[in-house]
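Number of protein chains: 2
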Amino acid sequence: MGETTAAIEVREIGSFFAAGRMVRLEGLPLRERVSTPGGPVYRDDPNGEIVAGQMYVQFVRLMQPLGAGPLLMWHGGGMTGASWETTPDGRPGWQTFFLRAGFDTYISDAVERGRASWAPYPQVYPQAPYFRTAREAWEDTFRFGPKGSWHADPARRQTYPGLRFPVQSFEAFLAASVPRWGCNDVLTQSAYDALIARIDPAAIVLAHSQAGNFALTCALNAPERVRAVICFDPSGAPDPAHANAERVKDVPHLFVWGDNWRENDFWRGSRPASERWRDALCEAGCDVTRIDLPERGIAGNSHVLMGDSNSDEIAGLVLEWMSSRGLVHGDR
Amino acid sequence: MGETTAAIEVREIGSFFAAGRMVRLEGLPLRERVSTPGGPVYRDDPNGEIVAGQMYVQFVRLMQPLGAGPLLMWHGGGMTGASWETTPDGRPGWQTFFLRAGFDTYISDAVERGRASWAPYPQVYPQAPYFRTAREAWEDTFRFGPKGSWHADPARRQTYPGLRFPVQSFEAFLAASVPRWGCNDVLTQSAYDALIARIDPAAIVLAHSQAGNFALTCALNAPERVRAVICFDPSGAPDPAHANAERVKDVPHLFVWGDNWRENDFWRGSRPASERWRDALCEAGCDVTRIDLPERGIAGNSHVLMGDSNSDEIAGLVLEWMSSRGLVHGDR
Numbered sequence: 110m111g112e113t114t115a116a117i118e119v120r121e122i123g124s125f126f127a128a129g130r131m132v133r134l135e136g137l138p139l140r141e142r143v144s145t146p147g148g149p150v151y152r153d154d155p156n157g158e159i160v161a162g163q164m165y166v167q168f169v170r171l172m173q174p175l176g177a178g179p180l181l182m183w184h185g186g187g188m189t190g191a192s193w194e195t196t197p198d199g200r201p202g203w204q205t206f207f208l209r210a211g212f213d214t215y216i217s218d219a220v221e222r223g224r225a226s227w228a229p230y231p232q233v234y235p236q237a238p239y240f241r242t243a244r245e246a247w248e249d250t251f252r253f254g255p256k257g258s259w260h261a262d263p264a265r266r267q268t269y270p271g272l273r274f275p276v277q278s279f280e281a282f283l284a285a286s287v288p289r290w291g292c293n294d295v296l297t298q299s300a301y302d303a304l305i306a307r308i309d310p311a312a313i314v315l316a317h318s319q320a321g322n323f324a325l326t327c328a329l330n331a332p333e334r335v336r337a338v339i340c341f342d343p344s345g346a347p348d349p350a351h352a353n354a355e356r357v358k359d360v361p362h363l364f365v366w367g368d369n370w371r372e373n374d375f376w377r378g379s380r381p382a383s384e385r386w387r388d389a390l391c392e393a394g395c396d397v398t399r400i401d402l403p404e405r406g407i408a409g410n411s412h413v414l415m416g417d418s419n420s421d422e423i424a425g426l427v428l429e430w431m432s433s434r435g436l437v438h439g440d441r
Numbered sequence: 110m111g112e113t114t115a116a117i118e119v120r121e122i123g124s125f126f127a128a129g130r131m132v133r134l135e136g137l138p139l140r141e142r143v144s145t146p147g148g149p150v151y152r153d154d155p156n157g158e159i160v161a162g163q164m165y166v167q168f169v170r171l172m173q174p175l176g177a178g179p180l181l182m183w184h185g186g187g188m189t190g191a192s193w194e195t196t197p198d199g200r201p202g203w204q205t206f207f208l209r210a211g212f213d214t215y216i217s218d219a220v221e222r223g224r225a226s227w228a229p230y231p232q233v234y235p236q237a238p239y240f241r242t243a244r245e246a247w248e249d250t251f252r253f254g255p256k257g258s259w260h261a262d263p264a265r266r267q268t269y270p271g272l273r274f275p276v277q278s279f280e281a282f283l284a285a286s287v288p289r290w291g292c293n294d295v296l297t298q299s300a301y302d303a304l305i306a307r308i309d310p311a312a313i314v315l316a317h318s319q320a321g322n323f324a325l326t327c328a329l330n331a332p333e334r335v336r337a338v339i340c341f342d343p344s345g346a347p348d349p350a351h352a353n354a355e356r357v358k359d360v361p362h363l364f365v366w367g368d369n370w371r372e373n374d375f376w377r378g379s380r381p382a383s384e385r386w387r388d389a390l391c392e393a394g395c396d397v398t399r400i401d402l403p404e405r406g407i408a409g410n411s412h413v414l415m416g417d418s419n420s421d422e423i424a425g426l427v428l429e430w431m432s433s434r435g436l437v438h439g440d441r
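Keeping their order, the protein sequence lines are chains A and U. Residue 365 in this note's numbering sits at position 256 of the first sequence; the count goes up by one each step and never skips. Residue 242 in this note's numbering sits at position 133 of the second sequence; the count goes up by one each step and never skips.
With the rest of the complex left out, here is chain A (with noise of 0.2 Å):
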């Protein structure tokens, strides 16, 4: 979108954290820590209570919103809500997309990340965090290129043909890579879930890759809570053995999905889950719409849709599904 004259008609910006509780830190050694540089050095002792388990959530209301509901925007695994601001190589990010659109916005860092903070192991957390490497980054997570063809040496770098993604701007999107541990599933979905328990009315959720699972189950544990679920590419679902679709039956549902997925052994293991709960919410009766990018034509997406090149054009798409159902006040 560029630079545009139009102001955004800002009502509030704001924060607040969901779930959370008090933990006690027991059987840790007295420290002494230093404040600032050069300051005087103090004992203290780090036993005591700390909070753990709490999501942030910043929202930008606007003064005349349009959407049948605020717009939640999910990151992925490893990510943060910096997902959704301005794209790796500088332009507006999906967030802009979408307030110009009408839509307020809450964006939130899951548990154990960003602003959310994490707590420490293992005296809270069972285990250590992992770092993607921006080999993993490239080869695996968001699909850049084939094994092999990521280098220390951008200039040996190699990417999938037509690939949408501006990895000249690569270590700015590494950049916004934050730890991530393996063991704390349960508690971000709690904090999802205590999330859509407070927004009114009932929210639009847009998640991407790992929160895609956290968006489905959120709607099958309050599907009255949840107005509909825009997933991108994501990295699983439920089960449709021990989830009943029927339960989220009036919610609709998009799922949109990138290129070069069948080229990538973790996305070839991790799509089929999402399409067994998609076939279960089509039996239900469940008003579902799958976007594949590749199949509609547009070729070259990674698994970073709201970062690639086309990047208004995937949320104009969302946006054009939003408004057939209704989601768009004014629309129809």
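Hints are supplied without guarantee of correctness; some may be wrong.
Pairs involving identical chains hold if they fit within one copy or between any two copies, as the list cannot separate such chains.
[Unchecked claim] Quick list of in silico lysine to aspartate or glutamate cross-link-like pairs, EDC-like style, CA-CA up to 20 Å:
(1) 358 with 384
(2) 256 with 154
(3) 256 with 153
(4) 358 with 388
(5) 358 with 348
(6) 358 with 333
(7) 358 with 302
(8) 358 with 392
(9) 256 with 374
(10) 256 with 280
Hints are computed from structural coordinates only; laboratory data are not their basis. Bear in mind that the values here come from a model prediction, so they are computed numbers and not experimental data.
Given chain A, put chain U in place with the hints provided.
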């Protein structure tokens, strides 16, 4: 300020990362990971490049900014940019106050915390972080009550007489805490310097607690890039024995202090460094103002001035000072 009917006319909301560089992790064992509840298990190699030392910066640019420069808002130790948003008890925060006063705001999460992420120890950071306990927050850092006044049971907690902090929202406040390392001052200063270098026109820096030292040092490192420095309860400052205050004699400085610091070991030990630097600035002919709130008859402020019940009153004093220094266009 509560709910108001006037819109904030926003031109752009976005973010970027400053500083940061690729570092290589080596010698770590292979690991297994699960990406989503019930999903498949992958073996992965945690060795490779990650980004470390980056800082996250979120900006809100107005259609008609009135500031002589954008307002950079820097949080304290163990905190993030969320400090400047909604107060713990749900009132509009200083970000909103200064947006409504006409300033573009740039709110950062410094190295090691929030959306800036953190790097593994001992591979990149030399040591483990510490987690501020509720007791330390209450009795030491934020000066809500004297030694021994914290209790796990809210009904049994005690405060300083007339405390302005909304202690009924203490848990919400504590949820905004993030872990803190004692070893990242050089990385952090470098990231702040990098931020200052890219903001145009020269920025007004508003810094809380730990950030005070970083802000005062940024001004020393690049006086032509800093339009003014405003410090709230700085926990440290440059040492006049090693830094030349004449370098910043053309940069107006404002120091604002809360109450009850004499009752507190940490603050009784920390404040003299800032006072020495203030004296050096005065001797160098710098335009320096100190607002000691109790001396002005405003008693009971904690170290979290931006969360206290009179936060807008304090912001108003700052705005008045800015206006008197020609930092608000159209004022004089």
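Hints, verified against the model:
| no. | hint | result |
| --- | --- | --- |
| 1 | 358 with 384 | within (16 Å within a copy, 65 Å between copies) |
| 2 | 256 with 154 | between (48 Å within a copy, 13 Å between copies) |
| 3 | 256 with 153 | between (48 Å within a copy, 13 Å between copies) |
| 4 | 358 with 388 | within (12 Å within a copy, 70 Å between copies) |
| 5 | 358 with 348 | within (16 Å within a copy, 66 Å between copies) |
| 6 | 358 with 333 | within (11 Å within a copy, 61 Å between copies) |
| 7 | 358 with 302 | within (19 Å within a copy, 54 Å between copies) |
| 8 | 358 with 392 | within (9 Å within a copy, 73 Å between copies) |
| 9 | 256 with 374 | within (9 Å within a copy, 57 Å between copies) |
| 10 | 256 with 280 | within (19 Å within a copy, 46 Å between copies) |
Checked against the numbered hints listed earlier, the structure breaks none of them; every hint is satisfied.
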